[in-house]
Amino acid sequence: MEILLAIVVGLLYAAGVYLLLRRSIVKLILGIMFFSHATNLLIFVVGGLHKGQPQYTANGIAAVANPTDPLPQALILTAIVIGFGITAFFLALMYRFYQTTGTEDLDDMTEGENL
Amino acid sequence: MILPALPILIPLITLIFLLIGFKKQQSQPWIGLSGALLQLTLAIIIGIQVNNHGIMVLHTGNWQAPVGITLVIDGFSAIMLVLSGIIGVSISLYSIDAVDRKRQSYFYFPMVHGLLMGVNGAFITGDIFNLYVWFEVMLTASFVLITLGGEKKQLNGAIKYVTLNLVASLFFLAGIGLLYGKMGTLNMADLALKLSMDEQNILLNTSAVLFFVAFSIKAAVFPFFFWLPASYHTPPVAITALFAGLLTKVGVYSMIRFYTLFFVQDKFFWHPLFLWIGGFTMVVGVLTAASQFDIRKILSFHIISQIGYMIMGLGIFTVAGIAGAIFFMAHNIIAKTNTFLVAGLINRVTGSYHLKAIGGLYKSRPWLAILFIIPTFGLAGIPPLSGFFGKLILITAGFNAGEYVISFIALAVGLFTLFSMVKIWNEAFWKPKPVDGKVFDGGKDKLPVSMVIPVAFLGLLTLTMGFAVKPILDFAMVAAAQLIDPSAYISAVLGTGHLNP
Chain U
1 MEILLAIVVG LLYAAGVYLL LRRSIVKLIL GIMFFSHATN LLIFVVGGLH
51 KGQPQYTANG IAAVANPTDP LPQALILTAI VIGFGITAFF LALMYRFYQT
101 TGTEDLDDMT EGENL
Chain D
1001 MILPALPILI PLITLIFLLI GFKKQQSQPW IGLSGALLQL TLAIIIGIQV
1051 NNHGIMVLHT GNWQAPVGIT LVIDGFSAIM LVLSGIIGVS ISLYSIDAVD
1101 RKRQSYFYFP MVHGLLMGVN GAFITGDIFN LYVWFEVMLT ASFVLITLGG
1151 EKKQLNGAIK YVTLNLVASL FFLAGIGLLY GKMGTLNMAD LALKLSMDEQ
1201 NILLNTSAVL FFVAFSIKAA VFPFFFWLPA SYHTPPVAIT ALFAGLLTKV
1251 GVYSMIRFYT LFFVQDKFFW HPLFLWIGGF TMVVGVLTAA SQFDIRKILS
1301 FHIISQIGYM IMGLGIFTVA GIAGAIFFMA HNIIAKTNTF LVAGLINRVT
1351 GSYHLKAIGG LYKSRPWLAI LFIIPTFGLA GIPPLSGFFG KLILITAGFN
1401 AGEYVISFIA LAVGLFTLFS MVKIWNEAFW KPKPVDGKVF DGGKDKLPVS
1451 MVIPVAFLGL LTLTMGFAVK PILDFAMVAA AQLIDPSAYI SAVLGTGHLN
1501 P
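So the sequences go chain by chain: U and D.
Just so we're aligned: 87 in the working numbering is position 87 of the first sequence, and the numbers increase by one with no gaps anywhere.
All you need for the working numbering is the position in the second sequence, starting with 1, plus 1000.
Only chain D is shown next, with the shape it has when bound in the complex:
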């Protein structure tokens, strides 16, 4: 059955078609969009399949599990695939008018699909070296996207972005080497099985720390986040939105995968560490955001702050905590991408991202105000939007697990998030328009439909997630239960005979 490989193959085929049709520039967006739509449909089909029949496994080249590269889709991967599909469709549509022709003619759409291929590959692989390769696919595409256009500030940001991400990759690779030296296997399920039987597994903490640092840099967690606010505001906003939605979450995904599946032995060291790191990430991110005046910078710092919630869910390490982290991640990917897309709309109308230079949008563009308020108040956690339930689940799980400090921090950070969002609201929408007249005014031009539809679509999803918490949370609970008790994962990959040695 080839179905588990299709999330990698479809972006690849789309990319090939994009390159074949490269001479006809007008066709590019539409090929890209149809590829993205196909990918979303497929992700939903896979999600239904996983929900009905359990974990999907594909042994590539028919090499059986510990030897060959295995592709595994469990509940967590399925959710992430659907999210990546949603973001792919939104960005493909939004880019048609938001990204200028020059950038489009320099392989913009092929690179977006290359990035999606890397992201999907990272979500479904069951082999740690293969995960490294998908990270590199994703990174290389993102390097091109972040430098595309070659503006001065883009190059400034790109140098930091490229360096830090390369260092993270090399840490990851060194961790893989050390782990392989000790365990003699690269298959995640096989590693989980062998480590659960190993007596001296504390020796593995060298690799575990290397992985932790590598994923922390990718996920922009507290002491390692500096590259993110230095680079994310530089490229065109469609690219930033794509990165904000998916790239850091791949780091969080890998961290949750590694520290639930096989680095679970030394939990007295790791789980308090995750809670500390999560707490610091939340607080530092949200406080630094408060001093910014560029919308994209405020939102970039909030990416960091919200990564903290996901790490907190991992640190709580109960089914409810992990399910909360998964639900929060789903909410955050959608709402975060959407806030950046709305920032792009604001820029389209006013010509600036700087809060001092814009204002009066509530009066001139009431519909834009509605599109803005759904994702941002979703992020801040106002009921009935999805962010409220994400935080509710996480904080309830924290209280039930007896982690009071982190739960109170999470509550307080929610307030500060609201502060930043209200600040954007006040400055951009309520404040009267500045009169210095320096800034370009989009005036009464209509916003392009292709830019408004993705924003409305993602906003609708944020609303729907708020009203349909139960089915989504149930699915997240199943996924979290699979993560906490990896025996189903192991037996799906290696066969049932291995579990009772």
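Isolated chain U, as found in the complex:
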């Protein structure tokens, strides 16, 4: 299971990088989203995957011998929330960019320098 997920993480990173290098801002944002999901999955795999073994301690004794570490899942939860907010901001930014410049092609960006 870990190996399968590791491959998925790698694919997501590859797709993310590919999309980041495109000219369209929509694809740029999709790339950022892929990147952040790849990172979240990476942290998830790092915690170790053990089927059907919830961590539960009663009186200081672990219920199972080899539990999954719950902390990475808490980290991912935080990262997902942050990523969600950032994506929302980025989408709003893209919309505003489109309204102002009339394009969503990054190569059409002119510097707009004036004296």
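Don't read these hints as lab results, they were simulated from the structure.
What you are looking at is a predicted structure, and each value in this text was computed from that prediction instead of being measured.
Not one of these hints is a red herring.
Here are the simulated PhoX-like pairs of lysine-lysine, each with C-alpha atoms no more than 25 Å apart in a straight line:
hint: 1; chain 1: D; residue 1: K1431; chain 2: D; residue 2: K1297
hint: 2; chain 1: D; residue 1: K1446; chain 2: D; residue 2: K1356
hint: 3; chain 1: D; residue 1: K1431; chain 2: D; residue 2: K1446
hint: 4; chain 1: D; residue 1: K1153; chain 2: U; residue 2: K27
hint: 5; chain 1: D; residue 1: K1182; chain 2: U; residue 2: K51
hint: 6; chain 1: U; residue 1: K27; chain 2: D; residue 2: K1152
Based on these hints, arrange chain D on the given structure of chain U.
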């Protein structure tokens, strides 16, 4: 004792008050300013406390160290907190007249305090995931500030700024994940302890490289700096000054913290790398600045160049080298912010940032010339200003450590910095005023007092740092000694029993 948490809480409370009083626009600047003043006072109190009683630790929620989030203030953090307080006060005051009403009515002051909260949080946290969260707080506030107003070129710059900083954050997060997978802890002191006992720590270089790339992007170090000159000149100058003073330095701070506290095992790889990167950063930054004619762009490239000096101090890795980096950072935060603020004054008088379009300021505004010359010649390293001593300490440390090449590069870069500063001086102040008459002329209008006071205040600090090198350097030395030998940090966080396993 709640004192270590206050640098986070005070900006938060200020932010809440700013939002409560949002209907009364006139009150906004004053609430913001008093919050910033409170924060500076508090930072100074914390600095004195740290100086007298050593490292301060707060276990949040009373969860003891490796489990809960720990807030740690050592000498380095204390210095950075004071600097962030100084910049907060200056920017809050400067913005009153420098930022237009429309931007102010779109949550400008709350966002400045949100940014300060993120910066302070990054300086005092003792937990790497928490550091990531503070980075995001800081970034989100900076995203809003850089796009505030929604001008076309601002949006252009913002897209690059947002993308690159997000990628850096995600690298940082991936590094945290991998490091946690190997070490099973997120507490910095615990990591330092475990890594110092670990035999196979070379395997950690995957995370170490991810952290290096992440912080390099944040700090705008040599191969990763392109987002900075593409975006920093676009927002109003008060926002640029705030970013120039604090944001890249948070990257440098994290790098120094990580590579002195726990990634110290593989020093034969990292320290020469830091010296190379530092050298390239200095040279590339200063050379690209030489070809620019927009004042803000020249200054943006100089931010990059001067980050190189701090990385060089880290690469030298002696107490004197790190102390030099800390001293230089203190000097640079103050002087760099000040140069941008002066650029704002120049723009106020002439209506332009472009050197071709302005001139004759020495004749029409002699006082402005004095305000300009203190921070810029400070940056160039003319004695007796603070930059001279910052460079002197670093270069002496470099020679003492036997790193001759980087020391000579640092000396040469100082000359080129002087070249750029003299160029601004010649074009803006000495050259007669261009006669094409296209450019708006502020003429004989008085500059607003609220814009001049912060500039004078920061200029005075640059002068004072030049004349009072000894006490500041002593404090930086103590901070650097704490960084080089992290046992005090570890025992302050984890308790003394852990050090002798």
